[in-house]
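> Construct the entire structure; sequences and hints are all you get.
Residue numbers (our numbering), protein chains in the order written: chain A, 1 to 693; chain B, 1001 to 1380; chain C, 2001 to 2319.
If you are wondering where the hints come from, they were derived from the structure by calculation, not from laboratory data. Any given hint might turn out to be false.
[To be verified] Simulated DEER-style distance windows between Cβ atoms:
1. C:LEU2096 <-> A:TYR388: 28 to 34 angstroms
2. B:SER1280 <-> C:ARG2239: 54 to 60 angstroms
3. B:TRP1024 <-> C:ARG2239: 31 to 37 angstroms
4. C:GLY2226 <-> A:GLY16: 36 to 42 angstroms
5. A:GLU30 <-> C:ALA2089: 35 to 41 angstroms
6. C:VAL2064 <-> B:LEU1048: 54 to 60 angstroms
7. C:SER2008 <-> A:ARG37: 43 to 49 angstroms
8. C:VAL2301 <-> A:GLU431: 58 to 64 angstroms
9. C:VAL2064 <-> A:PRO600: 42 to 48 angstroms
10. C:VAL2301 <-> A:LEU15: 30 to 36 angstroms
11. B:SER1280 <-> A:ASP534: 56 to 62 angstroms
Ideal Cβ placement from N, Cα and C applies to all residues, glycine included.
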Amino acid sequence: MLLRKILLGAPVLVLGLLIQSVLWVPTYEEQTRGNPRRLVQFVTGSLGDASLLNPILAADSASSELAGLIFEGLVDRDEELRFRGRLAERWEIEEEASFLIHRPPKGCEGMSMEDLFQWLQEKLGSWPQVKRVEISPGEERRETVEVSEAGTRRKVGVRISIPPKVKVLLREVDQDFFQKLEGLLGDGYFSSFAPEVHCEFSEKLDPATQKRLAGELISATEHHPIITFHLRKGIMFHDGSPVTSKDVLFTYNAIMDPANLSPRMPDFEPVLRIETPDDLTVRVVYKRLYSPALGTWSMGILPQHLLNEEALAREAAQRGLDPKTFSIRQSGFNRRPVGCGPFKFHEWKSDQYVILKRFDNYWEGPPNYEEYAFRIIPDLLTQEMEFYAGTIDSYAVQPHQVERLKGDPRYQAFSGLSFGYTYIGYNMRREPFRDSRVRKALGMAIDVEKILKYVLHGQGERITGPFPKQTDYYDHTIEPIPYDPRGALKLLEEAGWKRDSLGKLVKNGQQMRFTLITNSGNDIRKAILAIAQDSWRQLGIDVRTDTVEWAVFINERINKRDFDAVVLGWSMGIDPDLYQIWHSSQTGPNQLNFVGFQDPSADELIVRIRQEYDHEKQVDLCRRLHRIIAREQPYTFLYVSKWTAVLDRRIVIMERDANGNPVYRRITPTKTGNYAFHFNRWIKLPHVPVFSE
Amino acid sequence: MAGRPRDKGVISRGEEQGLWRDVWHQLRRNRLAMSGLVIFLGFVILALVGLSLTTGKSPLLDPSLVRLPEKLRPPLAKARADLLHPEELPPLGIYLMGTDELGRDVFSRMMQGAWVSLTVGFVAVGIAVGIGIVLGGIAGYYGAKPLRIGTILGLAGLFSGPFALASKRLDIFLLLEGAGILVLVSTRYLGLRKGFVARFFTLPCVSVDTLIMRAVDVMLCFPSFFLILTVVAILPPSIYNIMAVIGLTSWMGTARFVRAEFLSLREQDFVLAAKALGLSDARIIFRHLVPNAVAPVLVSATLGIAGAILTEAGLSFLGFGVPPPHATWGNILSDGKRFLFDAPWLTLIPGSAVLTVVLAFNLFGEGLREALNPRLRRSR
Amino acid sequence: MISFLARSIVQKLVTLFFVSIVSFAVVHMAPGEPSQVDPMNPKFTPEVVERFRKAFHLDEPLHVQYLLFYGDLLRGKTVSWKDNQPVLAKIWERFLNSLPLFLVGSLLTWTISFPLGVQAAVKRGSLLDKTTTFTAYFFISIPGFFFAYLLIVGVVEVLRVPVVGMETFGLSQAPLTHRVMDRIWHLVIPSILGATVGVAELSRYVRSQMLEVESQDYIRTARAKGLPQDMVHYKHALRNALLPFVTMFGLMIPGLIGGSVIIESIFSWPGMGRMAYEAIMARDYPVILTLNFLSAVLVLVGTLVSDILYMLVDPRIRL
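Given below as structure tokens:
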């Protein structure tokens, strides 16, 4: 029967065809050991795809990782976490501090203007930190301001009479310069400045409004830090065009352009202007003191000839789109980027892989690896299997696997501390968290060592404050809160909470009750929820726990301040500017000081840290801030996790000696655990090397 | 009786018991289906036993007791008494099914999970079947009865009210509900008045059947897993939300079955007789039509419970399952996948358990379907 | 016929309209901002967040957003918020990735279900019947990801060949036949996973249809006439049993835009399922709504095609 034959034959045929295909596929052994190209390729796995390969636009980690290899910035950090020049060969930091002479300085009453100027030149010029003194006579300026008073908005003209201004060029930034000046000019010289006296409004306004507007228009003192970068000669983009100061200026303008919606905008907002006196010099003048400034220049530099207005207009015309609404965000550049970093873009297959090839004209010399492949494998388990099979070179190990992999002779493991920490944050606006004793007691009830040992499998360290532990800013002398449930109960008693006959912790007849929440999808935080709940239950507190999906968590709970306690983490950069997280002005909805920490001495320190350019002084201020926060316990600081990366043991560093012969040495992590610091020097050998120690 | 084809609809009370007895006999002969039933009943007993053993202040088997030093112990491992407090020791001193990454006893969690998984399955399917019977029944029974425009608008207002409530716009919610009720009420009484507005509101529009079937179509246009995922990602995670969502997205099949049955049953003589006797609509529907239409619903309910348990496991895999501290077999399974190479029992045990129970439900449902299908019955 | 078509199409368009409203409402009720706007990132000040919202028109009233969006959709201009790629192009690309999986899965399902179902019906109650029932339900009852992991680990340990992804990484230089075979191999395991569910259901349905037909009088007549069993089963019974399956072709159309997110995640298959899942997580509204819309269109087209086929094929039906 024909039909019967078809019916029975078809599945056999189909299955046969499908199954025989396995014979054509190279096995893992063939792919790794039998393939010489594999040695010059570095393959890494990622859980998610990149979105935009443009350092000024993308905020996700996959895009940032790739952009870090394709693009290069002016500076970055070296093994000791100090700044090192990349595109910039060297740089100088100066300050232009200016102040107004609104009344004669002490002892100079009655002097004529010229004599006064002479006097200032002599006095200030003799200070070692002063490079140059410039004095400009007073002038008048007319402006219009918008006033909204009593529900109406209108424009009001104002005539500002600016007294003579003295501009002092300092060799280094000094946030206390004006205090020192007051020694020369008289105490309270600057605080006695009344801006409203110098402003004449065309209409009569409310005195408070007048004072406020005047303060915005004119101020007695101004700090303008200046960073001057000197670029290296001869650096090229991947398409051969030279890297000049114009590209740096263009990158800045692109970041600040609102049409591009760059998330880096706040980093560069304090820039007043950028001057490019020649092709290799960039002079950045800031509006005010801003110590994270130098760090922001690790931003990858974009090629202006491919993304400026003409280029964008051409692309828009080519694609048939409206040039007026065509911004960098829509450009195809983001899918085929061109930078000046060690690797250049080769191919991107959406959600499958991105391939970069080495850039032979890289200014520091081409990297040893010829190819960098970024494979997207969204499932952690299959990533692991690909790693064991040898088709991926590095893998982010989970804490419970570290012991097993460290002992495996095929692999080498590196660990380091992450930049960030995990904590339990308390909503200080709510009971019972208003009292710092309660917060401290809750911290004392949790055995963090146990969490480190069993949940993190030893892959973490205790932390006591808000700075990354591996930096100088962290005060290592501060002791972590001890695990002492009995001591916790005593502290709670001091705060008015006693255990009743049923074992419940009560105050005024009410049991202490709150909910601890965290975001879903994070197994370690889930475990911490369970442990914290258990520990606090034993004190007699009624604790409920909840895991919430990330977007809901942020928008409905954190941003609306609708939470009691949260388990969260911060992942941060090296810069110690913590204004957004700890300053009392940042406690509004949608801002990052969501626990509501408000301490005036902490505020002062935070502001000074932001303005301090001297490293030693900054470290001192940071440690003082660390002590205050550790004392107040707005968070229970839990731990900083260690990351462990495992590499194939055959990957080593290869350098050339004087005769051009290759010299191999083992990869060693830097002081901060960054094992990929010399990535450009890595290569994979055909066999596991044996080093003579 | 032999030789005469049985018309499904003509079943009187006396014959009804005979029908179910027939079904039972059929089932008894199907060994696969019977084993399915046995396992199913075993599972229910297990769940109840598990519920009693694992709840309460200090239960015999504590599923949430964290014993960090004892994490990832294999099954049948002896508890290390030197590391634990006396009240932390498991009964019999061994971990029957090992421990998970926090040292919790897997056996206790499986016992608790049985009850939770069962509840999720039953409640979700209960909701689905409930909605399905109601809507399908109305569509099938009232069929071609046309609805007036006013009624439709009023119902639209009433139904869109909750959406406004979900977006926290209480004012719009009240507005919609109020307007809806107003329009509904006034439409009833507008029939007597003249005038353009009155005529507009009382104009007959689509029929009940069309309306409900279009609603079914709209629901079918959304790929169900994605609807569940979207809703679960949005709402606060809780076991009740998951049950509700699975239920609210799987009533369409039941509605269709019930409607088809009602459409064919409605024309039968016994219904006409009941109407002639003056029985109310509700009585006809509930006492006569529903019991006859229930056969396919039963089958799809059984299969639905199995499906709900699997869906819950799938949601746990993606991170959206039932949140702690409830343990379900689905979330034990997906939590364990990280440890596949280090502690395979954390996946193999719940995986096999889910497989067995779901298989049992499926076999039983299949057997039921065979037994209930008159055309497949061997002629006697 | 024409009037039926016309009425059907009008009704389906109205349904489509309602679907568009409901999906739009559901998506916008979701709390959470599109992920480009990450409020926990210290770099995102409230001003930046505001600017993003404005650029995505999120500050406009809902009905304005609705018109803007669907206007864009119908002109094919919608753009994803995550990476600024035109949505239709993205969907097309992922569709081409999912298509082979869908085709091979369906091929497997249909070619395996029929012989299984027919044999099970023909030898009802036999060991074969019981075994196939058991096996079929066995495979539907395993939780999908559990089975997937077992298969992957099994294949990798035993055969030592790569299983994940659409192709083996690094084969771009290999000859064409190797690459084609490699692609086929990578299709096998995920398709098998997808097909197992289909085979179970379809073979059950085939079996019950066959049984129904076989209990008809004319089959009994044929048998009484002495026709060989083979002819009875295949020439007469099967032909008639096949009738409703023709209409099922229409119902397969919506499957084009589906795709299991779990299987695609585990196998690193860049398909539609994962795209939809990532869009939901990132609140990438244009992508979610476009996918919903397309899926609704396909469902409605599918049911229409199925209805038409049913009418054509069954001479008893005349609408």
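> Which earlier hints can't be squared with this structure?
As far as the earlier hints go, 2 and 7 are violated by this structure, in ascending order.
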